[in-house]
Amino acid sequence: MGSEEPANKHFLFPGTIFAEPHEYLISTVLGSCIAVCLWDRVVRKGGMNHFMLPLWNGEGLATPKYGNIAMEKLLAKVLAIGCRREHLVAKVFGGANVSGTGLEVFMIGDRNTTLAFQMLEEFGVSVVAKDVGGRVGRKIIMNTETGVVLVGKGKTAASVDK
Numbered sequence: 004m005g006s007e008e009p010a011n012k013h014f015l016f017p018g019t020i021f022a023e024p025h026e027y028l029i030s031t032v033l034g035s036c037i038a039v040c041l042w043d044r045v046v047r048k049g050g051m052n053h054f055m056l057p058l059w060n061g062e063g064l065a066t067p068k069y070g071n072i073a074m075e076k077l078l079a080k081v082l083a084i085g086c087r088r089e090h091l092v093a094k095v096f097g098g099a100n101v102s103g104t105g106l107e108v109f110m111i112g113d114r115n116t117t118l119a120f121q122m123l124e125e126f127g128v129s130v131v132a133k134d135v136g137g138r139v140g141r142k143i144i145m146n147t148e149t150g151v152v153l154v155g156k157g158k159t160a161a162s163v164d165k
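Heads up, the final residue of the sequence shown is numbered 165 in this note's numbering, and it's a clean run with no missing numbers.
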């Protein structure tokens, strides 16, 4: 990030999406959930989703807590703020099969990860960085102007770009 921190910060809760035309630091915490960061290398804008389950089954509301809904809505939102599909790159995080949650039996983390990569391929968006799987949660912070994403596991944080 630059010499000054951006004034705008946003914490992304599970089942939500965030993309604004101004610089933000978007942060979220992930276990079996997935966060996909989309960033346009030309206009230098981007956004993030945070989904909990891979597929909406058609019952109830089609909310972004489901990966197939969250992916479509994130793409639409970044395009609406001026990004162009041909300039987008993706970074994918999360999808752990965290022990002790009860969800590891269903391999929700693996299923979420597979869905994210499948949909990015369908969108024609290249994945330029990822930190997925394993058995530990992550905290991530994305700068929407630079596209840099910091990843923390436990007490460490490092850029996946460098």
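To be clear, the hints were calculated from the coordinates, so they are not data collected in a lab.
These numbers come from a predicted model, not from an experiment.
Careful: at least some of the hints might be erroneous.
Claimed, not checked - In silico lysine-lysine, PhoX-like type, Cα no more than 25 Å apart, as pairs:
#	residue 1	residue 2
1	K80	K156
2	K80	K68
3	K156	K68
4	K80	K133
5	K68	K12
6	K142	K68
7	K76	K133
8	K12	K76
9	K156	K142
10	K133	K68
11	K12	K142
12	K156	K133
13	K12	K133
14	K12	K80
15	K142	K76
16	K156	K12
Unchecked claim - Label pairs and their in silico Cβ distance ranges:
#	residue 1	residue 2	range
17	K156	V131	13 to 21 Å
18	K12	V46	34 to 42 Å
19	F109	V46	34 to 42 Å
Every residue gets a Cβ at the ideal spot worked out from N, C-alpha and C, and that includes glycine.
Hints, one by one, checked against the model:
no.	hint	in the structure
1	K80 - K156	violated (29 Å)
2	K80 - K68	holds (16 Å)
3	K156 - K68	holds (23 Å)
4	K80 - K133	holds (21 Å)
5	K68 - K12	holds (21 Å)
6	K142 - K68	holds (18 Å)
7	K76 - K133	holds (20 Å)
8	K12 - K76	holds (21 Å)
9	K156 - K142	holds (7 Å)
10	K133 - K68	holds (20 Å)
11	K12 - K142	holds (15 Å)
12	K156 - K133	holds (14 Å)
13	K12 - K133	holds (22 Å)
14	K12 - K80	holds (18 Å)
15	K142 - K76	holds (22 Å)
16	K156 - K12	holds (21 Å)
17	K156 - V131: 13 to 21 Å	holds (20 Å)
18	K12 - V46: 34 to 42 Å	violated (21 Å)
19	F109 - V46: 34 to 42 Å	holds (39 Å)
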